[in-house]
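All chains, full assembly: derive it from the sequences and hints.
As they're listed, the protein sequences go chains A, B and C. Each residue of the first sequence is one higher than the one before, counting from 273 in the numbering used here. Each residue of the second sequence is one higher than the one before, counting from 156 in the numbering used here. Each residue of the third sequence is one higher than the one before, counting from 110 in the numbering used here.
Hints listed in this document are in silico derivations from the structure and should not be mistaken for laboratory results. Keep in mind it's a predicted model, so treat the numbers as computed, not measured. Please note: incorrect hints may appear among the correct ones.
Stated by the list, open to error - Some chain C residues close to chain B (C-beta under 10 Å, calculated; not the full set): (1) H138; (2) L153; (3) L157; (4) D160; (5) A163; (6) I231; (7) A245.
Stated by the list, open to error - Among the chain A residues that face chain B by a calculated CB cut under 7 Å, a handful are: (8) D279; (9) V280; (10) M282; (11) V284; (12) A285; (13) V295; (14) L299; (15) G302; (16) K314; (17) V348; (18) S350; (19) F360; (20) K393; (21) W398.
What the hints assert, rightly or not - Okay, the calculated beta carbon distance ranges per label pair: (22) F261/B x K314/A: 54 to 60 Å; (23) A292/A x Y210/C: 33 to 39 Å; (24) I114/C x A168/B: 28 to 34 Å; (25) P234/B x L300/A: 29 to 35 Å; (26) N113/C x K531/B: 50 to 56 Å; (27) I237/B x K314/A: 29 to 35 Å; (28) N113/C x L300/A: 27 to 33 Å.
Beta carbons are placed, not taken as given, at the ideal position from N, Cα and C, and that holds for glycine.
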Amino acid sequence: MSSYNLDVYMPVAILMIVAALLVVGALLVGHFIRPHNPTKLKYDAYECGEAPEGSAWSHFNIRFYVVGLIFIIFDVESALMFPVAAVFKKMNEIGRGGLVLVEILIFLSVLISGIAYCWRKGDLDWVKSYQAPKE
Amino acid sequence: MNDSIVSFLSEFAIYKAFVASVSAKIGFDATSLLTFVVFFIAVLLVVNVMALIGGLGTYAERKISADLQARQGPNRVGPYGILQFLADGVKMITKEDIIPRMSDKFLFIVAPLLCMVGVFATLAVLPFASGLMLTDLNIGVFYMLGVSSLVGVGIFLGGYASNSKWSMLGGMRGAAQIISYEIPVTLSILAIVVLSGGLSMKTLVEGQLGVPWGWNIFHNPFTFIGFFVFFIGALAESNRAPFDLPEAESELVSGYHTEYTGMRFAFFALAEYVEVFVLCGLAAALFLGGYLVPFNLGKGLPLLEQFLQLGSFVTKTLLLYYVVIWVRWTLPRLRVDQLMTLCWKYLTPIALFNLIGCSFWMYFFEGKSLWVLLFKSGAKVAAGHH
Amino acid sequence: MFTNILFLMSAVLTVGGAFAVILTKNIMHACVYLLSSLLGVAGLYVTLGADFVAATQLVVYVGGIVILMVFAVLLTGGSDAQKENKFGLSKIPLMGNNKTYTIAWITAFVVFMTLIKIISNIIKYYKETEVSAYTATVEKIGMLLVTDHVLAFEISSVLLLGALVGAAVIARPRKRE
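What follows is the structure, given as structure tokens:
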């Protein structure tokens with residue numbers, strides 16, 4: 273467990289700031305060399321040449337949210353698995369590899385049963401249109 | 156772990172002497188100040204090179220697609236049209252900036268910013284060469300996964316902020332696609348982490364050999380499948396065809412970036428091309444041996460070694476980049492329900508199966524690759540006979 | 110030196126984002142300010158030497174929870190719904206009426222006094238010690254998760270299963286028979 277200096281995080285901070293400055297800077301440069309001729313038509317939303325009609329929000333498929341929920345569960349699961357996976361090799365060398373293997377299998381099997389349940393109950397199906405008439 | 160380009164430079168006597176002389180001049184210890192300066196210059200270099208790669212990526216895409224479609228592609232601006240991306244850049248900057256009246260102005264401006272920050276922050280841990288990585292964080296690959304999810308938020312907000320039906324639909328599909336395909340990608344990376352025993356990019360790369368049969372892709376059958384799962388997931392994460400439904404040209408006009416003009420659109424496009432490069436670089440590092448040079452050529456001569464390693468990494472990444480462009484112009488686009496079915500019903504179970512398989516392999520064969528098992532142990536047996 | 114700068118930037122992001130979440134009237138903007146606040150918290154974790162927790166924060170919160178929140182806002186027709194009813198009166202209640210404000214102020218006062226009590230204890234018994242060196246935490250967490258805290262590790266998977274099934278059941282669309 274080597275110790276480190278917090279300076280290793282400097283490129284992270286610098287990169288984020290430089291990226292933000294790049295965006296702001298390019299827009300600023302453009303601000304001075306861009307034309308600015310606002311007409312009413314330009315500022316309407318684009319709808320293939322027709323006048324835009326109705327609000328942009330319409331009934332959205334509830335599947336988006338279910339997918340998001342399942343994703344969060346798997347995300348947390350992978351976040352928990354990462355340290356265990358990183359330490360598997362070391363434990364293998366000590367000789368306790370079997371223990372870690374069994375733990376990983378139990379962990380994964382619980383989650384696999386979860387996704388199997390969602391699969392069987394049709395939560396993973398993507399309904400093509402929520403309002404589609406029954407055929 | 157936790158090396159960085161500064162720790163690599165610190166091994167040279169010239170750098171140490173330089174730091175000492177600057178410290179003598181200023182009066183206090185100049186190590187951290189010079190660390191900052193070195194990092195800053197390195198970051199500027201990397202950002203410029205990446206922007207160049209992003210621009211050349213557009214050119215390469217047009218030329219390769221032209222080649223695949225038996226036509227010429229850009230060949231007017233500069234020799235063989237190579238300066239086309241500069242002309243495009245100038246065009247984008249000089250376009251009028253239109254923010255739609257009904258849009259959410261704050262989110263409209265923030266969305267490309269989030270995409271750019273998310274993609275450029277992943278460059279901090281990309282393993283260009285063993286000494287030239289910007290930094291080798293302990294949590295390297297996990298950090299990369301975390302930061303690249305900012306792109307998903309950016310795409311979604313871009314679609315929402317435009318307040319147009321096409322954009323909103325494109326944005327939602329884009330976000331759903333990105334978060335769904337993050338699962339097989341993460342699970343494939345987990346399989347490699349199990350085999351390599353660490354999260355830092357250096358550990359993951361140096362668990363392999365430079366020669367092709369020492370690469371992780373040929374380590375065991377599970378990682379072989381894992382490479383393809385990762386590659387497909389990476390294609391989907393960066394909204395590249397055949398997964399480019401969020402920006403589907405024939406359906407949604409231009410999806411989540413319909414209403415973006417000029418430079419703002421250029422940021423989305425640049426973020427996408429750089430993200431493809433980063434994901435190809437990650438695939439090369441995890442599965443294809445990263446920056447390792449076959450037979451460790453150049454070992455002992457630091458500068459030559461770094462140069463060769465950089466060349467190795469860039470070659471592999473650009474080869475994968477070519478494959479990405481090739482796939483785009485070959486395969487038709489997937490429908491949204493096919494996309495979700497592919498992710499949740501095919502890739503995720505396969506990736507889980509890979510992870511379990513790699514865990515078993517790690518336990519039973521102590522993480523030795525197929526080649527080591529087949530040939531090295533065979534040699535031992537042969538030696539034992541004599 | 111860089112620790113201080115990083116801490117300052119993260120603190121500004123966190124607190125600024127948090128204030129902006131409360132003070133804005135647009136719920137989508139509030140989600141973006143929450144994103145910046147969570148990024149700041151990740152930075153704070155880094156200054157404390159908890160690099161793995163910082164990355165987990167990025168992956169789970171920034172990459173997942175914020176997207177989920179934005180989905181939820183959008184799917185319930187959040188900020189795009191009609192803002193005025195047919196009499197021209199604003200439909201969005203202004204953050205509550207007098208009763209809400211009174212209860213809020215009392216609650217804030219109680220929480221504030223509790224926090225002051227806790228913090229004063231810390232300040233009274235704080236000893237100036239050496240800042241311990243930053244070490245890699247991933248391996249330590251991994252070791253603990255497979256040896257001492259195995260039960261927590263496995264039970265968390267059961268908890269996640271419960272969350273998954275519950276979410277799937279609740280979010281299932283009602284069958285239109």
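Report the numbers of all earlier hints that the structure fails to satisfy, in ascending order. Numbers 2, 3, 6, 12, 17, 20 and 22 - these are the hints that the structure violates, sorted from lowest upward.
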